[in-house]
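Novice: Below, each chain spelled out in residue letters.
2 protein chains.
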Amino acid sequence: MKHGGDLLSYEKHYDGQLIDFSSNINPMGIPKGLDKILIDNLDNLEVYPDIKYRKLKASISKYLGCEDDNVLVGNGSVDIIDSFTKMAKRILIMTPAFSEYKDRALVHEKEVVEIKYKEDFTIDILNMESLIEKDDLLILGNPNNPTGLRIEEDTLIEIYKIIQSKGGNLLLDEAFFEFVPQDYDSIEIFKKYNYENIGIIRAATKFFSLPGLRLGYGCTSLGLKEEIENIQMPWRINCFADFAGRFIFNQEDYIRKSKEYIEIERNYLFEELLKIDGIKPYKTHSNYILIKLLKWDEEDVFNFFLKKGIMIRKCSSFESLGNTHIRVAIKDRKNNMKLLKAFDSLLERRDLNEKD
Amino acid sequence: MKHGGDLLSYEKHYDGQLIDFSSNINPMGIPKGLDKILIDNLDNLEVYPDIKYRKLKASISKYLGCEDDNVLVGNGSVDIIDSFTKMAKRILIMTPAFSEYKDRALVHEKEVVEIKYKEDFTIDILNMESLIEKDDLLILGNPNNPTGLRIEEDTLIEIYKIIQSKGGNLLLDEAFFEFVPQDYDSIEIFKKYNYENIGIIRAATKFFSLPGLRLGYGCTSLGLKEEIENIQMPWRINCFADFAGRFIFNQEDYIRKSKEYIEIERNYLFEELLKIDGIKPYKTHSNYILIKLLKWDEEDVFNFFLKKGIMIRKCSSFESLGNTHIRVAIKDRKNNMKLLKAFDSLLERRDLNEKD
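Protein sequence lines, in the order shown, are assigned to chains V and R. With my numbering as the guide, the letters of the first sequence map in order to residues 1 to 356. With my numbering as the guide, the letters of the second sequence map in order to residues 1001 to 1356.
Incorrect hints may appear among the rest.
As the list claims (entries may be wrong) - Below, a sample of chain V positions facing chain R; criterion: calculated Cβ distance under 10 Å: (1) G5; (2) S23; (3) I30; (4) G33; (5) L38; (6) K52; (7) D79; (8) D82; (9) G212; (10) N230; (11) M233; (12) C239.
Keep in mind the hints are simulated off the structure, nothing from the lab. Think of the CB as a built atom: it goes at the ideal place given N, C-alpha and C, for glycine as much as any other residue.
Start from the sequences and build out the full structure, keeping to the hints where you can.
Specialist: Here's what the structure looks like:
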């Protein structure tokens, strides 16, 4: 299980519609009006997308608060991660992390240096500093997946300055940015540096509830942008992703309401999980919660939840987590309650087993 | 001008809707009923595409007449070309050819060997044989772009056997396959070889009039397929391309009618172009015609046609063609007549100029 969301592989194990807690998608669904935009633009199937994606980039730059010329677009965020990886000499990854960082590095036959987060999943800057060399690419999830933790602003700036002084590049994967409680905006912070030595990636996938669409985007320096566009494939974003991207970033109501909703459900689900025996939920800034299993292994819990119609994310495929962690998405109240109920049943089962 | 279809860059030069003769798309438009399929599946925006694309591959294998396990899918055919290129040691390209063969090779820092087609755009097999080495990838357009010429069946098998004996791979880019007058089907021919040392690429883009969708697919050996899937990006095809691909290949009526229509228009346009003074159209098996300009250069003709509301394809970006060739798509009768009329005006202008 390298990725969440693979319902098709497991649907045969449950007689009904599985509830997907394995992929971390905004439970509000797609922005209202997007369906009409896509239907109205079906004619665009018959023409090539703009090879320069000019209107799409204009929409993104307005949303991000940067210049059109700083904007990168990709077929999902992995596409942009792939390009940054291809350009680097070595890839430095903090673990646990999204598996594609390492996978794309290996595809491009790059040396990978894995650095462990500290016990509390924060960064040991001194250790990291000693490892960075010229032309390295350090990839950091911000917030990180699967831990859900945001890098503190001061720490981030400190890391950036280290990377810059060594002549490397920093890639911030901020695919979950909009879910984060208001803290700072890295696009704003690094503007004064003209995004030299840094790439900041975001995506429509998670926050706009569009994993089927494949639209990733990012912000970087003029130089890095040109290098990356020279290796990107033409027409890598199809007409639907192009037109959706001209629409969704203007949906201020949807954006505000989604943030408020996730905040409430995050607090609710986290507090309720804390009360459950046998698990330890980690504090999160995102729309998913990493959970340490104190009395079971991931396989056991995965299979038990599957029988209850719930698919969770096993975490042993994340480097350094072992087989005693799972990750659950934060969904709407009704489904979050179902998840909590399933944990209750798990506990009851354990009690029964103990009686055996 | 590296690619056709870039209307946005030129629309300001004409007060009205440009007619696009620069990209080679089926003039019948998208298959009837496809819009409904896409609208009915808008809900799939909210879930990840099947990471293995099982239903899409089943639809493609049925259409191609091969096994599901031989099918590759990509974000347009360039995505699959890119993967084959990445795996090879050297890339051999016959010129003139689609520019992405060389561009993707250079992105992956591969040595590129360019071999010229003969004067009549057929292949000099002896010369080619002398150049092929182990682990080379020879890429051939079949029919080739921009010449429109199909490789003769005997020649193709001969080339394949040479490649196989040398331990290289052959990549046939058959993106325009369905436009070709009935001759042979390479999927059928190479089945008995289990597609060892060969990849055959096709696409929804041209024949199904879907350049906005981005759906390429292909057929290769189990071994090559596994190698390529190991380097491909997850979810590289979005839900619309996935669902469209489950529908379009069953549209037998559309497929038959499109073939008949293109055959008629190809004969008509070619015969009419032959009658025009100052140009030499090359015989074609595809839905576009390469034209040699005997009295002008491409820039001159391009700009003249632009003023008439017609965008043609300049060909100097194709290796070895110089600046005296253009390529035009075969469109519907009404537009083909407009193209012919524009050539007439060009001739009249030339006469005027000569009087100066």
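Novice: Confirm or reject each hint.
Specialist: Hint by hint, here is what the structure shows:
no.: 1; hint: G5; verdict: holds (4 Å)
no.: 2; hint: S23; verdict: holds (6 Å)
no.: 3; hint: I30; verdict: holds (6 Å)
no.: 4; hint: G33; verdict: violated (12 Å)
no.: 5; hint: L38; verdict: holds (7 Å)
no.: 6; hint: K52; verdict: holds (8 Å)
no.: 7; hint: D79; verdict: holds (6 Å)
no.: 8; hint: D82; verdict: holds (6 Å)
no.: 9; hint: G212; verdict: holds (3 Å)
no.: 10; hint: N230; verdict: holds (8 Å)
no.: 11; hint: M233; verdict: holds (5 Å)
no.: 12; hint: C239; verdict: holds (3 Å)
Figure legend: structure checked against the earlier numbered hints; the only hint not met is number 4.
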